[in-house]
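Go ahead and model the full structure; you've got the sequences and the hints to work with.
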Amino acid sequence: MAETLFHKVWNAHAVRKLPSGQTQLFVGLHLIHEVTTPQAFDMLHQHGWRVAFPERTFATIDHIVPTSAQRRPFLDVMAEEMASSLERNCREAGIPLWTPDDDNQGIVHVIGPELGLTQPGMTIACGDSHTSTHGALGAIAFGIGTSQVRDVLASQCLALDPLKVRRIEVTGSLRPGVYAKDVILTIIRRLGVQGGVGFAYEYGGAAIDGMSLDERMTICNMSIEGGARVGYVNPDETTFAFLRGRPFAPQEGASGAFDRAVAWWRQIASDANASYDDRVTFDASAIEPTVTWGINPGQSVTVNEAIAADPQDEALEFMGFQPGRRVTGTKIDVAFIGSCTNGRLSDLEEAARIVRGHHIAPHVKALVVPGSKAVGRAAEARGLHHVFIDAGFEWRGAGCSMCLGMNPDKLEGRQVCASSSNRNFKGRQGSPTGRTLLMSPAMVAAAAIAGEVVDVRTMLEEVPA
Amino acid sequence: MSHSHQPSAISHVDGQGLPVRGNDIDTDRIMPARFLVAVSFEGLEHHVSEDDRKADSSHPFNDPRYRGASILVVNANFGCGSSREHAPQGLARFGIRAIVGESFSEIFQGNAAMMGMPCFAAGHDSIERLQALIEQTPDVAIAADVDSGVVTAGDVRFTATLPRALRDAFVSGQWNPTAMLLDRFDEVRAVAAQLPYIRGF
Chain A
197 MAETLFHKVW
207 NAHAVRKLPS
217 GQTQLFVGLH
227 LIHEVTTPQA
237 FDMLHQHGWR
247 VAFPERTFAT
257 IDHIVPTSAQ
267 RRPFLDVMAE
277 EMASSLERNC
287 REAGIPLWTP
297 DDDNQGIVHV
307 IGPELGLTQP
317 GMTIACGDSH
327 TSTHGALGAI
337 AFGIGTSQVR
347 DVLASQCLAL
357 DPLKVRRIEV
367 TGSLRPGVYA
377 KDVILTIIRR
387 LGVQGGVGFA
397 YEYGGAAIDG
407 MSLDERMTIC
417 NMSIEGGARV
427 GYVNPDETTF
437 AFLRGRPFAP
447 QEGASGAFDR
457 AVAWWRQIAS
467 DANASYDDRV
477 TFDASAIEPT
487 VTWGINPGQS
497 VTVNEAIAAD
507 PQDEALEFMG
517 FQPGRRVTGT
527 KIDVAFIGSC
537 TNGRLSDLEE
547 AARIVRGHHI
557 APHVKALVVP
567 GSKAVGRAAE
577 ARGLHHVFID
587 AGFEWRGAGC
597 SMCLGMNPDK
607 LEGRQVCASS
617 SNRNFKGRQG
627 SPTGRTLLMS
637 PAMVAAAAIA
647 GEVVDVRTML
657 EEVPA
Chain B
-3 MSHSHQPSAI
7 SHVDGQGLPV
17 RGNDIDTDRI
27 MPARFLVAVS
37 FEGLEHHVSE
47 DDRKADSSHP
57 FNDPRYRGAS
67 ILVVNANFGC
77 GSSREHAPQG
87 LARFGIRAIV
97 GESFSEIFQG
107 NAAMMGMPCF
117 AAGHDSIERL
127 QALIEQTPDV
137 AIAADVDSGV
147 VTAGDVRFTA
157 TLPRALRDAF
167 VSGQWNPTAM
177 LLDRFDEVRA
187 VAAQLPYIRG
197 F
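Line by line, the protein sequences give chains A and B. Residue numbers 197 to 661, in our numbering, belong to the letters of the first sequence in order. Residue numbers -3 to 197, in our numbering, belong to the letters of the second sequence in order.
Worth flagging that the hints you see were computed from the coordinates, not collected in a lab. Careful: at least some of the hints might be erroneous.
Claimed, not checked - Pairs of lysine-lysine residues, derived as DSS-like cross-links and limited to a Cα-Cα distance of at most 30 Å, are as follows: (1) A/606 with A/527; (2) A/606 with A/561; (3) B/50 with A/527; (4) A/360 with A/204; (5) A/561 with B/50; (6) A/527 with A/561; (7) B/50 with A/606; (8) A/561 with A/360.
So this is what it looks like as structure tokens:
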């Protein structure tokens, strides 16, 4: 019978039907970080449970890491306590951990794929809602809470109900100046921030097929912003090429392991005639640069479009926007390029292409924060840090940074931030009254230079492709 | 394996209500990220919706008429966004034992269930009537029955839903699944051993 990747992976990992009717699902890869695990380890210790599969568990420190001075101990004593708690728990359980002192440290959703830990056909869990990112490689990846982290530590399993699968077909190809971020913002805008509840989103079609893994990760990352806990792309040649040679990927060479892995990865992809619970189609060529105007990621407009909202909408009041006006032209205070959504090498390359030869507006504070140390090193090897620094950006160390207010990088007061991150919720960037405008990294770069939100395509005209 | 931790059955939740109006109230708003910089959940009850409460002195969480409430009544897509369990943990420590609303994010509802906090879903009109009733009569007694889903308060009565597995788990007292997941660990090892990426390609 023709099946989707979701069902094949689910069935391969189903241990048994629980008395509750839920499925006991084996988790092939458990990624952990400092924020959602200390309480889980405490619960584990209280019950005398041990970590069942330390060899299937990997840890990093990302949310609380200062991106300016990364030396230990961290200045924030609570942050330092979180880091040392994770270090102690990982040491005791035999779990590999990458701290800011290691070359492989970075945002958990950046380093998983980068190290080849994330592979097609896996079930993955992490105490973080953006775990959906890993679906870009053809894995089924669940964001979970701390009690579930405890369960996965203790049993390597979750008790879950299966999801329905919605096929999201993005046909055609994107026009210049339009990016994966614009695609996912457009999808969320149309399907709604709650539209994906109960669904896994399977992204496909020519536009997705033509995307790099970095771009697919941007799309899958924000599935949760559309309510879908899981998002994925079927593995293909692009996926296999991405994984080739990564440290934790199956090894190439005489053993033939990589080739056998590829054969299994091909099998696990959705069958051509698989049936879906729902299907929607988007035309990539009709998607335009998109910016959020509100306080959830579904509240967005294109750069040429006026905000059409109820004047009573609390989002308008909070953001200080008027219905009938465009977001284009809005003065910004801060520009942030980074996060698990858009902090990868190709994001920095695209932003640098816009920035080269320009300088940021004098009133703007601008940050570039690589998603991992490896991304930072690769960018420096290409000289991108000079491009950004010469233009007035701050070039920082790896971490979650200004995506959320858990480290020193925060908005102040009612500052407006052009941000390549994933959430424009009230208070998200660390100031209760701070205002976030989500957009692609190229759009953030353009806004930093202009000092206000602009259509990045007007700047692309002057740079070579 | 220890089976000592068997939580108890939750068949119904009774108490006063606390209506918080608005759709898409995300977990960053319920528990701002700065309060996640800690290694325990202790004290989170002091920070529930802190920024919303500071911005609006008449916010329901500030309203003394709702003091002692144990049933939160919300609108659509409550708890969307971040998977932080700190949000339902803060609510539970504040005294909330059940949530009645139009709909919930999947991760939030699952996190709440793991703590023994049922999230009842009902239609927009039913929720509106319940919120209005509580706003008029804050001390009205609300009764929510987990098995039938029936929610009653004064003249308001409607049938709400919970996902079947969660409902059964509350009623049977099996809402904390760790012991169950460890029950047949040999089967877990057998599944792991069959997976090509664990067995070796």
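Is residue 561 of chain A close enough to residue 360 of chain A, meaning Cα to Cα at most 30 Å?
violated (43 Å)
Holds or violated: residue 50 of chain B and residue 527 of chain A, Cα atoms, limit 30 Å.
holds (27 Å)
Pairwise hint evaluation, residue 606 of chain A against residue 50 of chain B, where the allowed Cα distance is 30 Å at most
holds (19 Å)
Taken at face value, is the distance from the CA of residue 561 of chain A to the CA of residue 527 of chain A at most 30 Å?
Roughly 12 Å between the alpha carbons, so the hint for residue 527 of chain A and residue 561 of chain A holds.
Agreement of residue 561 of chain A and residue 50 of chain B with the hint, judged by alpha carbon distance not exceeding 30 Å
holds (27 Å)
Distance restraint between residue 606 of chain A and residue 527 of chain A, which requires alpha-carbon spacing of 30 Å or less
Roughly 18 Å separates the two Cα atoms, so the pair holds.
Would the pair residue 360 of chain A and residue 204 of chain A pass a check requiring their Cα atoms to be no farther apart than 30 Å?
holds (13 Å)
CA of residue 606 of chain A to CA of residue 561 of chain A, is that 30 Å or under?
Within the cut-off at roughly 12 Å; holds.
Violated hint for the displayed structure: number 8, the only one.
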